[in-house]
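J.: For reference, the chains in residue letters:
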Amino acid sequence: MAVTAPAATLEPPVALIAEITHRCPLSCAYCSNPLELERSAAELGTSDWLRVIEEAAALGVLHLHFTGGEPLARRDLATLVRHAAALQLYTNLITSGVQLDDRAMLALAEAGIDHIQLSFQDVEPERGDASGGLKGGHARKLAAAARIVAAQVPLTLNFVVHRGNIDRIPAMIALGERLGASRIEIAHVQYHGWALLNRASLLPTAEQLAVATAGVGAARARLGSRIPVDYVLPDYFATRPKACMGGWGRRAMNISPSGKALPCHAAESLPGFDFPSVRDTSLGAIWNGSEAFARFRGTDWAPEPCRSCKHLEADLGGCRCQAFALTGEAARTDPACKLSPDHHIVRQAIADAVAANDLQPRRIGLFGRAATR
Amino acid sequence: MTDEAVRPRFRRGVKFRFDETRQAWVLLAPEKLFTPQGTAVEILKRVDGERTLDEIVDDLASVFQAPRDLIARDVEVMLRDLEAKGAVWL
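From first to last, the protein sequence lines are chains A and B. Under my numbering, the first sequence has 206 at position 206, and the numbering climbs by one with no breaks. Under my numbering, the second sequence has 25 at position 25, and the numbering climbs by one with no breaks.
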């Protein structure tokens, strides 16, 4: 691992995103996990994760997000949560909920979980089950939501929206209210991994998006601060890119199931990187000293038109993984920006998407087949 | 105006604590981090679901030897803002 001198003003990370497994009982075609999913044999063990959690707390991490894949696919989840809670980390579980039975809920509550984000694929059982690829999945999610609320753990209901379900946003928000969610998140698909593969069949139309955005606005006006509704306009339809991850190596660190430390969960798609592993390097050394975290940190790396742009400090040039996925070069301006010389790629993707209807479900071990399509 | 007998409290899932690494107080909520400074910290230290808004203002006015109406306005503005952001209940 190459080591560079840390910047004098480097702040500690505020969040650690622990992708503890890629295993998942669902097979959503909009998943932003990499096409090449890691198998359970490659996963970090419990003792490694306990050490990583200690290092994170010592480094200054405040939020710890357990995600995947499906974190409940690991039997040691509650053990990890308990350890993090004892170190005063704010623990958040991002789950599909289909494995959240009474025993799992009790174990998490006793371990001190602070918050659970439960995802739904749709509001109608048949559509939800079809989208997630699991018969009965929707019903199990409803039961999971009831368990979370009964355990008095704050619940965020999360819906990833795309062409096939975006027209039902008002019903999604109503479901969140009915289930007792304290927060609702309407998130557009992020086009990485499987979602990028399936992009043509997932992108909504501009007309769908306009109706959806108005629907969120109406719900927000009605709900006020009682149930905050988080919603961000999707990259492909925006005119400015987002400061991805709050900036490369600036706010968050992502650990893959096998222990690779990444500035963003899609960063393994970038060529020419030697991402450090938590198996042999401490989080502090990775954050403060690794070349991988330093490469796109701040704005010094930025090309034109970003370099002379007044928006650079706000968006930091957008998403590196998206720039690479769409242009083949990670160090270009994010094509989501209308000032990017590559913006036509995004416009073309929207134009090409209109007639497509062919979703490839997420599966471990199908990388080869998917990549050749 | 807010009812002065109201007892401000943090919403479920919100934590207010001192962070040793940053040597600063942090307010943690789902997907959100607030870093209150100065007076805001003093106000939040008194948010416990037991003290009324009135009692919090009295205490701050006495500790900081400041005009009560000025303190009352600061407290109201700050807590209203955090209520809108989903961190406290008034």
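Calculated directly from the structure, the hints in this document are not laboratory data. There could be a bad hint or two in this list.
Examples of chain A residues lying across from chain B (beta carbon under 7 Å, computed) [as the list claims (entries may be wrong)]:
(1) 14
(2) 34
(3) 62
(4) 90
(5) 115
(6) 156
(7) 167
(8) 170
(9) 171
(10) 225
Ideal Cβ placement from N, Cα and C applies to all residues, glycine included.
J.: Decide, hint by hint, whether the structure agrees.
T.: Hint check:
1. At a threshold of 7 Å, the smallest CB-CB gap from residue 14 of chain A to chain B is about 6 Å, leaving the interface hint in force.
2. A cut of 7 Å between beta carbons decides the hint on residue 34 of chain A: the least distance to chain B is about 23 Å, and the hint is violated.
3. Proximity of residue 62 of chain A to chain B holds as hinted, the smallest CB-CB distance being about 6 Å (cut-off 7 Å).
4. With a least beta-carbon distance of about 4 Å to chain B, the hint placing residue 90 of chain A at the interface is held under the 7 Å criterion.
5. Against a cut-off of 7 Å between C-beta atoms, the interface hint on residue 115 of chain A holds, since the closest Cβ of chain B lies about 4 Å away.
6. Below 7 Å, beta-carbon pairs count as interface contacts, and residue 156 of chain A has one with chain B at about 6 Å; its hint therefore holds.
7. Hint status for residue 167 of chain A relative to chain B: violated, with the closest Cβ pair at about 26 Å, above 7 Å.
8. Because the beta carbon of residue 170 of chain A sits about 21 Å from the nearest beta carbon in chain B, more than 7 Å, this interface hint is broken.
9. Because the smallest distance between the Cβ of residue 171 of chain A and any Cβ of chain B comes to about 23 Å, over 7 Å, the interface hint for this residue is violated.
10. At its closest, the beta carbon of residue 225 of chain A sits 5 Å from a beta carbon of chain B; the interface hint therefore holds under the 7 Å criterion.
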